[in-house]
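> For this one, chain A is given, so just place chain B on it according to the hints.
There are 2 protein chains.
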Amino acid sequence: MITRYREEYFINLNPLQRGGRTNALARKVANNFVDGYSVCDYCKGVLFLIEKPPICKLTIDLAEFLGVDEARIVHGAREGKYIVMNLLIEPGEPIVFDGNRHYTTYVAAERVKAKIYEVPTTGYPYFEVLPEAYEETIKRVIKDTGRPPKLALLTHVDGDYGNLTNAKVVGDICKNYDVPYLLNTAYTAGRMEIDAKKIKADFIVASGHKSLATPGVIGVLGINGKWVDLFLKKSSKYPKKDIELLGCTSRNASAVVLIENIPYLKERVKNFEEEVRKARWFVEKMESLGEIRQLGIKPKKHDLIRFETPLLYEIGEHHRKKGYFLYEELQARGITGLKPGQTNWFKMSTYGLTWKQLNYLFSAFEEIVHQG
Amino acid sequence: MITRYREEYFINLNPLQRGGRTNALARKVANNFVDGYSVCDYCKGVLFLIEKPPICKLTIDLAEFLGVDEARIVHGAREGKYIVMNLLIEPGEPIVFDGNRHYTTYVAAERVKAKIYEVPTTGYPYFEVLPEAYEETIKRVIKDTGRPPKLALLTHVDGDYGNLTNAKVVGDICKNYDVPYLLNTAYTAGRMEIDAKKIKADFIVASGHKSLATPGVIGVLGINGKWVDLFLKKSSKYPKKDIELLGCTSRNASAVVLIENIPYLKERVKNFEEEVRKARWFVEKMESLGEIRQLGIKPKKHDLIRFETPLLYEIGEHHRKKGYFLYEELQARGITGLKPGQTNWFKMSTYGLTWKQLNYLFSAFEEIVHQG
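Here the protein sequences come in this chain order: A and B. Once you know that position 250 of the first sequence is 250 in the numbering used here, the rest is easy, because the numbers rise by one and skip nothing. Remember, the numbering used here sits 1000 above the position in the second sequence when you count from 1.
Chain A with its partners taken away, still in its complex shape (with noise of 0.2 angstroms):
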């Protein structure tokens, strides 16, 4: 049998996993559906209609934990990118996005065959995403084309720094151009409070098995105002069924993982703050140790930090385990998440880790880099 005891056993440092881990509770649902369309016994014509489990209660209240008029579960956060893409922009039209967009960003571009116009970040060593870079960008595709560009999309934290952008000041330029607004929130949706609403943006996105603790596939595609109709137009034919999701989308555990975490993502939103104050503990340590700089915006606004190590290149140059030793020593104190041989960088999250996992997990650090 394939098996995995990573969580169990081990302090996880891979930012793609800390905002997914399910709770006890999370995993005795799945089970419970672990069965394919299991999800379906009390079919009421379409996914988001279902009573029993209340998937119909779960929109509802997605709706209203995101600040959005209609919210449905889609496979994930790329997934949701692309519907918005895929109904808003024809090919050869411009989109704009941030320099720090996830790939997925990208890849959905191409598969729509957008023009892409990106936001340049300010580069090495914040690659901080300035809102008015999009006021700017803006102006340069309606120089280009004579228009606006049919969609703006801006990551809320991306994936590489952990930067938070200030995503209120791009929707007022938005609005501004009169161009729709498409927030991702992979990273920050269940982890912090989101108002779409105030935010100004037309669309959002969320990932579920990123940062709504649930198993994947599953995420949200929130819409606002006088969008709603185009997106969740029904078929002609089948006056239940959303055209652009086919359907059904997340016709799995996932959805029903996800009603039961609801109450559960409103309480821990709240704590934030104190996860952004262990992410700068845990950099105000690290930076203490030498030649190891947390890269992005300073102080932290989120738990994802990427370090630039050199002490730790360094380390590995004379080290007779060469690159390897950092992922072995770490492993052996029962910490992962690292990519094996990799030293002159990397990216983690102290998402979710008690004070007293923090305190170990530096004390590990401080220890391989004395030994070292």
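Some hints could be false.
Said to hold, decoys possible - Straight-line Cα separation of at most 16 angstroms, EDC-like style, residue types lysine to aspartate or glutamate; simulated pairs:
id	chain 1	residue 1	chain 2	residue 2
1	B	1237	A	51
2	A	115	A	132
3	B	1339	A	41
4	B	1200	B	1070
5	A	113	B	1051
6	A	270	A	193
7	B	1168	B	1193
8	A	200	A	178
9	B	1233	B	1069
10	A	301	A	193
11	A	113	B	1090
12	B	1339	A	93
13	B	1057	B	1308
14	B	1298	B	1308
15	B	1285	B	1367
16	A	339	B	1041
17	A	237	B	1118
18	A	301	A	273
19	B	1113	A	244
20	A	168	A	193
21	A	139	A	178
22	A	339	B	1051
23	B	1113	A	90
24	B	1113	B	1093
25	B	1266	B	1193
26	B	1139	B	1090
What the hints assert, rightly or not - Quick look at which bits of chain B chain A covers, simulated, 3 or more residues with Cβ under 8 angstroms:
id	stretch
27	1274-1288
28	1365-1372
To be clear, the hints were calculated from the coordinates, so they are not data collected in a lab. Beta carbons are placed, not taken as given, at the ideal position from N, Cα and C, and that holds for glycine.
Just chain B, lined up with the frame of chain A:
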């Protein structure tokens, strides 16, 4: 906690669910990989290259299992159909598919704005899709538009009548007219042996949660011959990422379950004749009760059975519980999966039931009819 004990306590007749039932091994594996993004522990840049768990081997095994050059896991059969239509069909271009097609075939065609040509069935009572009717429909498209359709799709076994259509004959017709051919095996792959090459299918889609004994959501897209490069075209910026798959698709426990299921599925498809024998036996017994008739092709070639049941309707007319008597009487006997209140017809599947269960099932119907 939201619970579900349906499969443990009941015989579930819902055809949607019989082939997606997981075994104990599958459940254990699913629970091991329940955390969000847990299949990504040892990322190799894209899902289908991951070696641990061996998803890289899964795609090879699936290609062999279905008789295609390349196989990729996707979110489900519908999502696979959309991928094919989206790449091959421009708005307004023609598609041909059978009148028994799943609603998602229709909705996916609407999503890509295809011009839809349906191959009519023979209608009541057999609702047969005659392969020759594909030729007539293709000719109709050529007459209308001057060109053959951009795609022909056949529902190998449909979800309404459980009719099995000779896919090879349709394949020959499509080859003759140079029409790309997509076979939807949602109700066949994983139940019976499939060889897309022999059938001359360019594309095949299969459903994990419907017929591959896995949790939702997962499906397979198989691609043959000259189409491989087009469908697996990589991002210009990310050389490992498939554009049409948005990088990675079913990044979830279902992928790992499917790996474990391959040997089991290879074995179970060999028993399909026995499954058909069960269906035929059950039909014969049910029809012996009086005004109950199996619709669709006779004798059955598949486990999905549609009955019209004037006898049960008649009982309901005079029953104090009206049409609900059937559902409730079955429920009281540990049998579920029919629509509450519906008595004039129903569909069901005998797939995977033991002869003992089948005898019990028939005796339950017999009892209900006689006491009605």
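> For which of the previously enumerated hints does the structure constitute a violation, in increasing order of number?
Going through the list in order, the structure violates hints 1, 2, 5, 12, 13, 26, 27, 28 and respects the others.
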